[in-house]
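In order, the protein sequences belong to chains A and B.
If you count by the working numbering, then the first sequence holds residues 1 to 197, one letter each, in order.
If you count by the working numbering, then the second sequence holds residues 1 to 537, one letter each, in order.
Calculated directly from the structure, the hints in this document are not laboratory data.
Positions of the beta carbon are idealized from the N, C-alpha and C atoms, including for glycine.
Check each hint, because a few of them may be wrong.
Stated by the list, open to error - The calculated DSS-like cross-link candidates involving lysine-lysine, where the alpha carbons are at most 30 Å apart (straight line), are:
1) A:K170 - B:K40
2) B:K328 - A:K90
3) A:K164 - A:K190
4) A:K138 - B:K40
5) A:K164 - B:K177
As the list claims (entries may be wrong) - Rough simulated footprint, nothing fancy, chain A against chain B, three-plus residues with beta-carbon under 8 Å:
6) 27-40
7) 169-175
8) 318-327
9) 332-339
10) 349-356
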Amino acid sequence: MNYNLILSGVGGQGILTIAAVLDTATLQQNLFVKQSEVHGMSQRGGAVQCHVRISDKEIYSDLIPQGKADMILSVEPMELLRYLPYLANKGWLITDSNPFINISNYPEKKELYEQIKSHPNHIIINATAVAKKLGNTKAANMVLLGAASTLIPISEESILTAIKKLFQNKSERVINLNIEAFQTGKKLAKENTDFVY
Amino acid sequence: MKSLLLGNEALAQGAIDSGLSGVYAYPGTPSTEVTEYIQKSKTAKSLGIHTTWSVNEKTAMEAALGMSYAGKRAMVVMKHVGLNVASDVFMNMAVSGVNGGLVVVVADDPSMHSSQNEQDSRFYGKFAMVPILEPSNQQEAYNIMHYAFDISEEYKLPVLVRMVTRLSHSRAGVIIKERRAQNGIQLPVDTNRFALIPLNAKKQFEKLVKKKSVLLESSEKSRFNKLKLKEDCSLGIIACGIAYNYVMENISGNEEFYSILKVSQYPIPKEKVKKLYKHCDKILVVEEGYPIVEELLHNYFDENGKIKGKLSDDIPLVGELNPNSVGKAIGFFHNGAQEIPEIVSNRPPQLCEGCGHTDLFNAINELIPEIGNKKVFGDIGCYALGALPPLNTINTLIDMGASITMAKGAADAGLENAIAVIGDSTFTHSGMTGLLDAVYENTPITVIISDNSAIAMTGAQDSTAVGRLKDICLGIGVDLDHLKMIVPLKKNHKENVNILRNELNYKGVSVIISQRPCVRLSRDKKEEIKLKIASLN
Numbered sequence: 001m002n003y004n005l006i007l008s009g010v011g012g013q014g015i016l017t018i019a020a021v022l023d024t025a026t027l028q029q030n031l032f033v034k035q036s037e038v039h040g041m042s043q044r045g046g047a048v049q050c051h052v053r054i055s056d057k058e059i060y061s062d063l064i065p066q067g068k069a070d071m072i073l074s075v076e077p078m079e080l081l082r083y084l085p086y087l088a089n090k091g092w093l094i095t096d097s098n099p100f101i102n103i104s105n106y107p108e109k110k111e112l113y114e115q116i117k118s119h120p121n122h123i124i125i126n127a128t129a130v131a132k133k134l135g136n137t138k139a140a141n142m143v144l145l146g147a148a149s150t151l152i153p154i155s156e157e158s159i160l161t162a163i164k165k166l167f168q169n170k171s172e173r174v175i176n177l178n179i180e181a182f183q184t185g186k187k188l189a190k191e192n193t194d195f196v197y
Numbered sequence: 001m002k003s004l005l006l007g008n009e010a011l012a013q014g015a016i017d018s019g020l021s022g023v024y025a026y027p028g029t030p031s032t033e034v035t036e037y038i039q040k041s042k043t044a045k046s047l048g049i050h051t052t053w054s055v056n057e058k059t060a061m062e063a064a065l066g067m068s069y070a071g072k073r074a075m076v077v078m079k080h081v082g083l084n085v086a087s088d089v090f091m092n093m094a095v096s097g098v099n100g101g102l103v104v105v106v107a108d109d110p111s112m113h114s115s116q117n118e119q120d121s122r123f124y125g126k127f128a129m130v131p132i133l134e135p136s137n138q139q140e141a142y143n144i145m146h147y148a149f150d151i152s153e154e155y156k157l158p159v160l161v162r163m164v165t166r167l168s169h170s171r172a173g174v175i176i177k178e179r180r181a182q183n184g185i186q187l188p189v190d191t192n193r194f195a196l197i198p199l200n201a202k203k204q205f206e207k208l209v210k211k212k213s214v215l216l217e218s219s220e221k222s223r224f225n226k227l228k229l230k231e232d233c234s235l236g237i238i239a240c241g242i243a244y245n246y247v248m249e250n251i252s253g254n255e256e257f258y259s260i261l262k263v264s265q266y267p268i269p270k271e272k273v274k275k276l277y278k279h280c281d282k283i284l285v286v287e288e289g290y291p292i293v294e295e296l297l298h299n300y301f302d303e304n305g306k307i308k309g310k311l312s313d314d315i316p317l318v319g320e321l322n323p324n325s326v327g328k329a330i331g332f333f334h335n336g337a338q339e340i341p342e343i344v345s346n347r348p349p350q351l352c353e354g355c356g357h358t359d360l361f362n363a364i365n366e367l368i369p370e371i372g373n374k375k376v377f378g379d380i381g382c383y384a385l386g387a388l389p390p391l392n393t394i395n396t397l398i399d400m401g402a403s404i405t406m407a408k409g410a411a412d413a414g415l416e417n418a419i420a421v422i423g424d425s426t427f428t429h430s431g432m433t434g435l436l437d438a439v440y441e442n443t444p445i446t447v448i449i450s451d452n453s454a455i456a457m458t459g460a461q462d463s464t465a466v467g468r469l470k471d472i473c474l475g476i477g478v479d480l481d482h483l484k485m486i487v488p489l490k491k492n493h494k495e496n497v498n499i500l501r502n503e504l505n506y507k508g509v510s511v512i513i514s515q516r517p518c519v520r521l522s523r524d525k526k527e528e529i530k531l532k533i534a535s536l537n
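Make a model of the complete structure from these sequences and hints.
Put into structure tokens, the structure is as follows:
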């Protein structure tokens with residue numbers, strides 16, 4: 001079993017939290033994991049990505065080869081498309097519908113959604129709105145992870161344990177919020193109704 | 001369960017477990033997390049390991065050498081360009097040798113994710129004639145530290161551990177072993193070797209040169225250099241450090257067709273290379289950075305064309321390796337990668353919302369029509385982003401401290417209104433000496449220290465400059481009448497522009513300290529800084 005996943009977004013949007021949950025859950029299941037991330041200058045509002053590789057055998061490259069990502073999971077729709085060269089033939093595209101606009105030449109939202117929808121395997125959800133409704137927009141990343149979870153070969157139990165472990169220094173309320181966000185995301189993906197903009 | 005660690009963290013844990021007594025460093029991407037990990041480690045704290053940041057890489061390395069002189073194990077950590085700053089002590093401590101184990105960790109940044117160049121630190125190791133270790137993965141980064149301290153003490157030499165961005169910043173599960181005790185204080189038997197007057201230096205240098213054969217022997221038998229010859233002799237691959245992963249990623253499952261020499265210790269194990277060379281029809285050299293190994297093997301005129309790599313254009317000379325570029329060089333072609341849609345725009349990094357540097361740049365920009373374009377000499381730090389649109393304030397960025405000295409040189413040439421913009425920590429790292437040059441000649445330049453009271457770019461580490469800038473400038477000899485303090489805020493814009501204009505009109509050295517803490521600092525940290533400034537002034 002090999003599973004390659006690219007997480008993408010803008011510096012400061014919290015993709016490393018998603019990665020940390022996945023890594024921790026993977027190690028709990030005694031599988032191998034490698035996760036390459038971006039530190040330094042790009043973290044200042046620039047495009048950032050993170051490669052997560054899960055396997056039951058030793059993993060060599062820290063980077064996913066082009067055309068070998070089973071999923072691109074993005075907290076921002078334009079950043080999702082930036083990593084298309086990595087996507088495998090039957091790979092999945094999953095993203096929050098909310099754009100993060102800090103540049104003057106940001107494309108039309110509609111065009112972005114159309115691009116994403118031209119791929120057969122995609123899920124676009126308004127994760128930020130869902131998280132806001134639950135009480136904190138910061139939990140949007142857990143909504144997305146929930147939406148992606150059934151496609152990733154890691155058990156829900158391990159993911160939930162990992163969430164609890166990572167947020168162990170936070171209040172009970174924060175832990176529950178993140179778990180609820182994860183489960184709401186999972187439910188939304190199951191329904192996977194066409195995203196309307 | 002395995003511990004989930006970044007390459008940098010694995011290396012740091014390895015150092016702690018090898019009986020480390022002190023880490024000395026100046027932050028710099030991609031090396032920063034090594035030191036930060038030890039600073040946060042409860043074990044390190046309970047063991048009394050020294051972890052405080054140094055003012056620059058040179059002071060860091062000298063302090064590490066001092067700790068080694070006293071008999072204890074020390075580590076010094078920096079990014080590749082930091083080794084330029086520390087190169088004076090690096091070259092000379094190879095001659096003096098060390099006492100307690102001394103490991104120099106340098107993280108290179110091929111592809112320049114966060115740097116000005118792609119220099120390959122292995123050159124420095126070779127230059128200084130010291131052993132170089134280059135781990136290929138996180139577990140090896142952990143294991144190699146123990147070995148690094150061992151050989152440092154065995155050969156009485158500093159050992160260079162070379163990391164690269166992808167290993168520094170990639171996580172994996174790592175198995176941690178038992179910790180060994182620190183050394184006690186034990187001064188060198190012979191201190192003459194540390195007093196490098198020519199008489200002693202000549203003896204020491206000869207000793208260093210003579211170590212060449214034992215170092216080569218150590219490489220030949222090193223468990224980190226592995227040669228696997230296979231029956232198929234069409235292609236042999238030399239894979240150095242992390243390059244091994246990219247090679248294995250491609251040939252995994254077809255290993256029987258490729259003979260491989262994995263290199264993680266230098267000098268290059270000559271006998272092993274020879275065996276591979278004789279055994280195979282073609283040799284592909286895969287190494288991150290400059291084609292150092294490839295050049296060694298390359299016939300100067302490349303008459304036989306047997307060696308493939310960067311010099312033969314099989315692997316790009318610029319930028320870091322990746323599984324695709326290495327696969328292509330081995331002979332695997334993959335096709336059908338999708339393109340990035342045209343509507344995707346670039347998203348370069350930018351200054352944070354509310355950043356004080358932006359307000360400072362707005363003030364400078366207002367004066368540019370009066371003073372003329374292309375006169376702002378910048379430096380290394382977040383404020384370097386002022387070279388990009390929409391600000392476009394900064395014109396130069398070369399190395400730590402070059403803003404002040406380049407402005408001085410331009411002023412010496414007759415350029416009026418030369419401005420230097422330098423951060424607080426960059427100023428104490430390498431700006432102070434240049435300022436003394438300018439003060440000494442009263443060169444007409446305006447130096448702006450954009451003081452956010454942190455080493456912000458690398459993650460807001462403590463700056464040794466906090467609360468000391470004014471006193472330092474006065475001590476260096478800046479005239480009190482031309483040492484101004486401003487607070488870069490929108491509401492002060494007009495006043496700040498006026499102060500700047502007045503100082504630009506002054507035909508001597510002016511220093512303007514533009515002070516507002518980094519917006520990324522926590523409220524507690526800002527409070528702590530305020531108290532520190534108050535206590536020092």
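Taking the hints in turn, this is what the structure says about them:
With a C-alpha separation of about 19 Å, the suggested pairing of K170 (chain A) with K40 (chain B) holds against the 30 Å cut-off. For the hint linking K328 (chain B) to K90 (chain A), the alpha-carbon distance of about 23 Å falls within 30 Å, and the restraint holds. Note on K164 (chain A) and K190 (chain A): the hinted pairing holds, with a Cα-Cα distance of about 23 Å set against a maximum of 30 Å. Taken as a hint, the K138 (chain A) and K40 (chain B) pair is honoured in the structure, with Cα atoms around 26 Å apart against an allowance of 30 Å.
Simply put, K164 (chain A) and K177 (chain B) have alpha-carbon atoms about 27 Å apart, close enough for the 30 Å limit, and the pair holds. Residues of the region 27-40 of chain B lying with their CB closer than 8 Å to a CB of chain A number 4, which satisfies the three-residue condition for coverage. Given a C-beta distance limit of less than 8 Å, the hint that chain A covers the region 169-175 of chain B holds, as 5 residues qualify and 3 suffice. Counting residues of the region 318-327 of chain B whose CB lies closer than 8 Å to any CB of chain A gives 4, so the stated coverage by that chain holds, three being the minimum.
Three residues within the 8 Å Cβ limit are the bar, and the region 332-339 of chain B against chain A gives 5, so the coverage statement holds. For the region 349-356 of chain B, the stated coverage by chain A holds: 4 residues have a C-beta nearer than 8 Å to a C-beta of that chain, and at least 3 were required.
When each numbered hint is compared with the structure, no violation occurs for any of them.
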